[in-house]
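Student: One letter stands for each residue in the lines below.
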Amino acid sequence: MTDGATTGRGWWLIVLGFLGVAGLTVLLLALLTNIFERKQEGRERVVRLIEVTEDTMDPKVWGQNWPAQYDSYLKTSLPTSTKYGGRGLGASDAGPAEQKLDRDPWLRRIFAGYAFAIDYRDRRGHAYALFDQEQTRRVTEKKQPGACLQCHAANLALYRSVGKGDVTKGFEQVNPMPYEQAHGMKDDKGQALIQHPLACVDCHEPKSMALRVTRPGFIAGIKALKAQQGVADYDPNRDATRQEMRAYVCGQCHVEYYFKGAAKTVTYPWANGLRVEQIEEYYDKEGFTDWTHAETGTKVLKAQHPEFEVWNQGIHARAGVACADCHMPYQRVGALKVSDHWVRSPLLNINRACQPCHTVPEKELEGRVVAIQDRHHALLQRAAKATTDLMDAIVAARKAGAPDADVQAAQALHRKAQWRLDFVAAENSMGFHAPQELARILGETIDFARQGQLTADRAVRKK
Amino acid sequence: MRRLLVAGLLLGIPLGIGAFTFVYAKGFSYLSTDPRACANCHIMNEQYDAWLKSGHRHVATCVECHLPHEGLAKWVAKAEHGFRHSAAFTLQNFKEPIEITPRDRRLVQDNCVRCHAGLVHDLVQAAGTARGDIDCMHCHAGAGHGAGG
Numbered sequence: 001m002t003d004g005a006t007t008g009r010g011w012w013l014i015v016l017g018f019l020g021v022a023g024l025t026v027l028l029l030a031l032l033t034n035i036f037e038r039k040q041e042g043r044e045r046v047v048r049l050i051e052v053t054e055d056t057m058d059p060k061v062w063g064q065n066w067p068a069q070y071d072s073y074l075k076t077s078l079p080t081s082t083k084y085g086g087r088g089l090g091a092s093d094a095g096p097a098e099q100k101l102d103r104d105p106w107l108r109r110i111f112a113g114y115a116f117a118i119d120y121r122d123r124r125g126h127a128y129a130l131f132d133q134e135q136t137r138r139v140t141e142k143k144q145p146g147a148c149l150q151c152h153a154a155n156l157a158l159y160r161s162v163g164k165g166d167v168t169k170g171f172e173q174v175n176p177m178p179y180e181q182a183h184g185m186k187d188d189k190g191q192a193l194i195q196h197p198l199a200c201v202d203c204h205e206p207k208s209m210a211l212r213v214t215r216p217g218f219i220a221g222i223k224a225l226k227a228q229q230g231v232a233d234y235d236p237n238r239d240a241t242r243q244e245m246r247a248y249v250c251g252q253c254h255v256e257y258y259f260k261g262a263a264k265t266v267t268y269p270w271a272n273g274l275r276v277e278q279i280e281e282y283y284d285k286e287g288f289t290d291w292t293h294a295e296t297g298t299k300v301l302k303a304q305h306p307e308f309e310v311w312n313q314g315i316h317a318r319a320g321v322a323c324a325d326c327h328m329p330y331q332r333v334g335a336l337k338v339s340d341h342w343v344r345s346p347l348l349n350i351n352r353a354c355q356p357c358h359t360v361p362e363k364e365l366e367g368r369v370v371a372i373q374d375r376h377h378a379l380l381q382r383a384a385k386a387t388t389d390l391m392d393a394i395v396a397a398r399k400a401g402a403p404d405a406d407v408q409a410a411q412a413l414h415r416k417a418q419w420r421l422d423f424v425a426a427e428n429s430m431g432f433h434a435p436q437e438l439a440r441i442l443g444e445t446i447d448f449a450r451q452g453q454l455t456a457d458r459a460v461r462k463k
Numbered sequence: 001m002r003r004l005l006v007a008g009l010l011l012g013i014p015l016g017i018g019a020f021t022f023v024y025a026k027g028f029s030y031l032s033t034d035p036r037a038c039a040n041c042h043i044m045n046e047q048y049d050a051w052l053k054s055g056h057r058h059v060a061t062c063v064e065c066h067l068p069h070e071g072l073a074k075w076v077a078k079a080e081h082g083f084r085h086s087a088a089f090t091l092q093n094f095k096e097p098i099e100i101t102p103r104d105r106r107l108v109q110d111n112c113v114r115c116h117a118g119l120v121h122d123l124v125q126a127a128g129t130a131r132g133d134i135d136c137m138h139c140h141a142g143a144g145h146g147a148g149g
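Same order as they appear, the protein sequences are chains A and B.
My numbering puts the first residue of the first sequence at 1, with every later residue one more than the last.
My numbering puts the first residue of the second sequence at 1, with every later residue one more than the last.
Rather than coming from a laboratory, the hints here were simulated on the basis of the structure.
Virtual Cβ for every residue (Gly too), placed ideally from N, Cα, C.
Check before you lean on any hint, since a few could be wrong.
List of simulated lysine to any residue pairs, SDA-like, C-alpha gap at most 25 Å [claimed, not checked]: (1) A:K100 / A:T136; (2) A:K39 / B:V108; (3) B:K53 / A:Q243; (4) A:K207 / A:G63; (5) B:K26 / A:V26.
Partial pick of chain B residues on the chain A-facing surface, computed with a CB cut under 7 Å [stated by the list, open to error]: (6) G8; (7) L10; (8) P14; (9) I17; (10) T21; (11) A25; (12) H42; (13) T90; (14) P97.
Work the whole structure out from these sequences, hints included.
Tutor: Set out below in structure tokens:
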């Protein structure tokens with residue numbers, strides 16, 4: 001009996017020991033496998049499964065070689081919101097973006113008589129660059145030229161096809177075409193030449209993946225800017241540093257521009273410099289005007305989205321921080337360091353975007369940015385009020401039959417005030433890219449607007 | 001005899017796997033002061049690459065700044081770092097970019113002063129204690145592996 005009991009206990013010990021050791025072995029093997037996987041990650045390099053060339057327009061094909069970059073590029077179709085961009089924090093972005101004209105009704109007034117008074121929406125991600133511009137009533141209800149494609153689509157195949165191999169020639173010929181004709185063009189095999197919004201090939205050289213600029217408007221614009229700074233015959237693809245290219249690729253489109261003359265050449269007005277008054281001086285000298293204001297009769301300018309110009313006036317540009325550093329920060333994928341191609345507000349990615357340089361808690365960094373944006377937003381609203389007050393005064397002066405010279409003097413100030421207000425409002429950072437510069441511009445807006453208002457009011461009283 | 005055989009089999013297999021894992025994971029390298037050991041896990045690649053190009057590389061390896069220098073404290077810190085880093089890297093549950101802990105930051109500060117005492121001892125003395133009142137890395141954030149190395 002005693003023997004039997006011992007044997008029973010012995011068996012239990014053996015079973016327990018067996019289970020314990022089995023568990024230990026499982027853990028060890030799990031650890032071993034984990035180490036193996038991490039080591040494999042460490043070995044991971046780019047595997048070129050497929051040849052990409054200048055003619056590979058479809059990002060999906062590039063995605064086979066660079067899946068991490070492609071995956072993040074696809075995410076530009078996802079909704080994003082910040083306090084002042086999108087629909088506010090936590091809101092959904094599905095469907096067309098929010099109507100800016102409803103959020104800030106003064107926009108409808110300052111654009112009176114121009115397509116932007118019909119439809120002017122918030123931004124969505126890069127994935128919508130081509131789609132959204134074909135949905136906006138500015139394009140569906142007004143005739144627009146092929147020039148729009150310089151930025152809204154991956155256009156190299158189209159430009160090369162039309163220019164018989166020469167991109168710049170193709171660009172020049174596509175610009176004045178009606179938009180639908182330009183978008184509808186096909187190659188010899190009947191394939192549509194415009195199919196994608198911005199694509200890999202727009203910013204990357206297919207052999208080396210080095211950054212490059214391809215938009216002819218930018219290449220001409222930066223050349224004019226550098227010439228003014230005393231650098232002759234500047235070619236960004238030859239002369240720019242890698243860090244400069246990390247801003248230039250974005251500056252290809254996130255800029256102020258206009259369509260010059262009957263050729264509708266997409267032109268960046270940088271021959272005098274990038275500051276708001278230097279661009280204004282350029283337009284004044286060219287005698288350029290976007291449209292005649294429907295309420296006041298002023299020949300006014302429309303600012304586009306001068307992110308590149310404004311960033312250039314800010315502290316980050318001064319410190320050599322490029323667009324990509326904050327908007328496409330590095331992230332780790334396995335052991336690879338990959339630039340995040342989900343281009344979006346750094347506020348949504350403070351950890352990677354800001355903290356590599358600013359070793360400060362996330363909440364604190366967010367607080368700093370939002371403080372700048374709140375102050376900027378308040379000043380912007382005040383400047384808008386000053387500008388619409390000026391418009392009221394001019395309307396009243398014209399109605400009262402005030403002397404032409406006085407009305408013209410007030411209109412000249414309207415042009416100046418509105419150009420500055422619009423330049424700031426159209427810029428997509430709510431003040432952050434260059435807070436002090438933008439506050440200076442809004443200060444000038446208010447000054448010019450109130451001066452103009454005084455001029456118009458006095459003219460009425462004089463009569 | 002049979003019991004010994006069973007016990008031997010039971011323990012031998014995990015022991016073998018464990019030994020293999022240890023060697024495969026370059027376990028012995030952690031007993032050295034070679035900076036390459038710190039980049040065994042690719043998470044430290046950037047720090048290692050930056051250190052290679054830094055001014056400090058001639059005079060200080062990873063452990064000169066990141067571990068205490070006295071006997072027991074050194075091994076305690078080494079074990080604590082080793083365990084925490086391995087666990088985090090295995091479970092992949094850490095925040096990126098990686099951040100130094102406040103305690104390890106003080107440790108690095110002590111090591112700054114250990115070497116640079118001749119230059120900074122007036123500064124450190126004037127500020128009170130060597131710790132807390134003055135933070136070398138507040139201004140010299142790039143020292144070791146970063147801009148300005």
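Student: Now tell me, hint by hint, if it's right for this structure.
Tutor: These are the hints, each one checked on the structure:
At most 25 Å may separate the alpha-carbon atoms for a hinted pair to count; A:K100 and A:T136 meet this at roughly 13 Å. In summary, the hint linking A:K39 to B:V108 is not supported, as the alpha carbons are separated by about 29 Å, beyond the 25 Å threshold. Taken as a hint, the B:K53 and A:Q243 pair is honoured in the structure, with Cα atoms around 19 Å apart against an allowance of 25 Å. Of the supplied pair hints, the one linking A:K207 and A:G63 holds, its CA atoms being roughly 15 Å apart against a limit of 25 Å.
Note on B:K26 and A:V26: the hinted pairing holds, with a Cα-Cα distance of about 20 Å set against a maximum of 25 Å. Hint on B:G8 is violated. Least Cβ distance to chain A is approximately 11 Å, over the 7 Å limit. Residue-level restraint check for B:L10 holds (minimum Cβ-Cβ distance to chain A is 5 Å; threshold 7 Å). Interface restraint check for B:P14: the shortest CB-CB distance to chain A comes to about 5 Å, inside 7 Å, so the restraint holds.
Interface restraint check: B:I17 against chain A, minimum CB-CB distance 5 Å, threshold 7 Å, status holds. Taken as an interface hint, B:T21 checks out: its beta carbon lies about 4 Å from the nearest beta carbon of chain A, inside 7 Å. The beta carbon of B:A25 comes within 5 Å of a beta carbon in chain A, closer than 7 Å, and the hint placing it at the interface holds. Here the hint on B:H42 is kept, as its CB sits about 4 Å from the closest CB of chain A, short of 7 Å.
Interface restraint check: B:T90 against chain A, minimum CB-CB distance 5 Å, threshold 7 Å, status holds. About 5 Å separates the beta-carbon of B:P97 from the nearest beta-carbon of chain A, less than 7 Å, and the hint is met.
When each numbered hint is compared with the structure, violations occur for hints 2, 6.
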